[in-house]
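Protein chains in written order, with the numbering used here: chain A, 1 to 375; chain B, 1 to 375.
These aren't lab readings, by the way, just hints derived from the structure by calculation.
Certain hints may be false.
Identical chains blur together in the list; that is why a pair holds if it fits in one copy or across any two.
What the hints assert, rightly or not - Result set (SDA-like, lysine to any residue): computed pairs, CA atoms no more than 25 Å apart in a straight line:
#, residue 1, residue 2
1, K294, W87
2, K259, R131
3, K267, R280
4, K101, A274
5, K267, M114
6, K101, W323
7, K294, R91
8, K294, P88
9, K101, A132
10, K267, P88
11, K294, F128
12, K267, E70
13, K267, I71
14, K294, T15
15, K294, I71
16, K101, W138
17, K294, P92
18, K101, R131
19, K101, V151
20, K101, F128
21, K294, E70
22, K294, R367
23, K267, C286
24, K370, D236
25, K294, Y269
So you can see what is in the structure, the chains are spelled out below.
2 protein chains.
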Amino acid sequence: MTDFPRAEYEARLETANRAMHANSLDAILLASEAEVRYFTGFRTQFWQSPTRPWFVILRRDQTPLAIIPEIGAELMARSDIAEIEAWPAPRPHDDGLSLLKDRLGNCQRLGVLMGHETTFRMPLNDVFELRAALPAEWIDATDIIRDLRMVKSDREIAYIRQICGIASQGFARVPEIANAGHSLSSVFREFKRMLLELGADDVPYLVGGVDHPSYDDVISPPDDRPLSNGQILMLDTGATLNGYFCDFDRNYAVGTPTKSAQRAYAKLYDATDAAMEMARPGVRACDLFAAMAKSMDTQNSDVGRFGHGLGMQLTEWPSLAAWDETIIRENMVLTLEPSIGVDGGGIMVTEENILITDGVPILLSTRAPKELPLL
Amino acid sequence: MTDFPRAEYEARLETANRAMHANSLDAILLASEAEVRYFTGFRTQFWQSPTRPWFVILRRDQTPLAIIPEIGAELMARSDIAEIEAWPAPRPHDDGLSLLKDRLGNCQRLGVLMGHETTFRMPLNDVFELRAALPAEWIDATDIIRDLRMVKSDREIAYIRQICGIASQGFARVPEIANAGHSLSSVFREFKRMLLELGADDVPYLVGGVDHPSYDDVISPPDDRPLSNGQILMLDTGATLNGYFCDFDRNYAVGTPTKSAQRAYAKLYDATDAAMEMARPGVRACDLFAAMAKSMDTQNSDVGRFGHGLGMQLTEWPSLAAWDETIIRENMVLTLEPSIGVDGGGIMVTEENILITDGVPILLSTRAPKELPLL
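Next up, chain A with everything else stripped away, as it sits in the complex (with noise of 0.2 Å):
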């Protein structure tokens, strides 16, 4: 349990107090693996499986207390938690649910994330039963939570920093596994290994596509064709080290690349340094998005955003997107993801990993080359 030290869970704990004041919450049940982990340090595979769930409940003016399967009780003790009840999961008839009940029965105002982005991890059976039998009214606690862990701590952002450096490390030595002949299934497998030599604690996500002009697919899994001269190669990443990750991707041309893909290519790198030149504290996030898209002179995007949130969650809030007015605040860690169409065919994507300071942004990731690197 050593990922940060106590002092830093207990600003945690008492900001969320503070917030908790704020709303008039009694208390907020946390039922979810960043949030179980960002007020506990409870980290463990276990989340894997869907079998178990998982509760923690910050208490106003008082310590969180853990309500979790007894195979985890001995590691949660490890924590700050001073209070813990534990029970012997799985028992479907009663997963934790009398706990909760009896533990929540004097709540007047319960908080509980139920916003965008969230999952509550709880089989809705118990769900509807629990807040049936509840006196308390559920609040909408997304936004104290979302508050809080979109401004990183130095810790966090120490370690999403080597994750990212060991990321940009393994895309340079790209051309060591991608050359016309490999497949996209073998780049995915040998970058994954390299990564973890590297450094990495896990690889749980990557993504990518090949295509002449370029790519259009980027959601399936990789397949055996041979990679061939004039396509672009992109390859996403989101690797972890104690749990937080990056989130980044780089372009590549097998071969020669088109004169449409290079022409894609350079309007996203001027994109990124449009952003780039305004992500201070102050500015919203839909102003980032604005001035990507006006960049690059297109008022779409596929995916809907031109960037998000990052830390312990692959993507967090806020997104950058023209509906999104968060104010951005120095210490968010946010990624620089613009697309566009390729004349010819395909789209492209760029990623790059940002820390907000007061001055100008600091590049957590490498930044990728002005020119389309060539395998």
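Please build the complex by placing chain B on the supplied structure of chain A, with the hints as guidance.
For chain B alone, coordinates are given in the frame of chain A:
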């Protein structure tokens, strides 16, 4: 979209259709990765991001309808899903909600996965709004989907067998990467790299433990302390191939194991034999639990069960637990995962993956050696 032939998706949809008739459901609304993939073949890493929800509606006596973010529409169109409605996600004020309201407006009885081991992947605000807006009664469809997914097709079994084979090869090579002096974190890293090299698509799950006379903690991330003589090392992996998991572990003695560790290992081996002997169609999941408990002369298990189903998810229904009366059927894939305390400290867990047949079960994992292997 070639994980399964078209006929297999048609058969799955037909079985679901019969179940909708039997349960008087007009439709089943799916929002989870495994279920959407099971009925459409839609396989993508995009579920890793919490930003976008994805929905499929199974409609009684009609073709299914996908309601998904635009970024996935082209890939979904390559499936056999004829009807796709897409919206430019993320769109926080209406992330698929109005489409769902519109297309489910005539539904009277709506099936939704609400039971044990399910999560409905949609923000609770939207869940509550959808439930209030629809005239439909929400009926728990967990049993319907569970019954379908628990029995595997030949192709599903082939994928699981293949990834079990890859992990078996990896476990056989652990002596190359784990010895006194290596740390658990280095063993984790090298083991993941080896599984990728051997052909795994991914290694989303790897846990383990090491201690003397045996490990106690199987839930923490690995640390950098060196392995030392007299310890037991355990590695437990869920690697994937074509979206299907293996899930089994191996134990190794670092140098000379204690007598108590050897005794525990022998008991677990015998318990697995006892379960193998009775694992036939017609027995219940709880009978397998009881057979293992009786063999080890224990009624307790810290983990609450001695195995579970396996397939598209690391852990699936049923649970080999005292409370689970699920009837075992041919072509189920199960893990046998007995655990026991070790005299002198710690626990030991072994795990194998088996296929239920009409005769003796088939081991999909290469059975662990009868004697504790030494490093």
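Here is how each hint holds up against the structure:
no., hint, in the structure
1, K294 - W87, "between (55 Å within a copy, 23 Å between copies)"
2, K259 - R131, "neither (59 Å within a copy, 52 Å between copies)"
3, K267 - R280, "within (22 Å within a copy, 63 Å between copies)"
4, K101 - A274, "neither (52 Å within a copy, 40 Å between copies)"
5, K267 - M114, "neither (38 Å within a copy, 47 Å between copies)"
6, K101 - W323, "between (38 Å within a copy, 22 Å between copies)"
7, K294 - R91, "between (55 Å within a copy, 21 Å between copies)"
8, K294 - P88, "between (56 Å within a copy, 20 Å between copies)"
9, K101 - A132, "both (10 Å within a copy, 24 Å between copies)"
10, K267 - P88, "between (57 Å within a copy, 23 Å between copies)"
11, K294 - F128, "neither (46 Å within a copy, 38 Å between copies)"
12, K267 - E70, "between (54 Å within a copy, 23 Å between copies)"
13, K267 - I71, "between (52 Å within a copy, 21 Å between copies)"
14, K294 - T15, "neither (38 Å within a copy, 51 Å between copies)"
15, K294 - I71, "between (53 Å within a copy, 22 Å between copies)"
16, K101 - W138, "both (14 Å within a copy, 23 Å between copies)"
17, K294 - P92, "between (54 Å within a copy, 23 Å between copies)"
18, K101 - R131, "both (9 Å within a copy, 23 Å between copies)"
19, K101 - V151, "neither (33 Å within a copy, 36 Å between copies)"
20, K101 - F128, "both (12 Å within a copy, 20 Å between copies)"
21, K294 - E70, "between (54 Å within a copy, 22 Å between copies)"
22, K294 - R367, "within (21 Å within a copy, 61 Å between copies)"
23, K267 - C286, "within (19 Å within a copy, 62 Å between copies)"
24, K370 - D236, "within (18 Å within a copy, 44 Å between copies)"
25, K294 - Y269, "within (13 Å within a copy, 66 Å between copies)"
In this structure, the earlier hints numbered 2, 4, 5, 11, 14 and 19 are contradicted, and the remaining ones agree with it.
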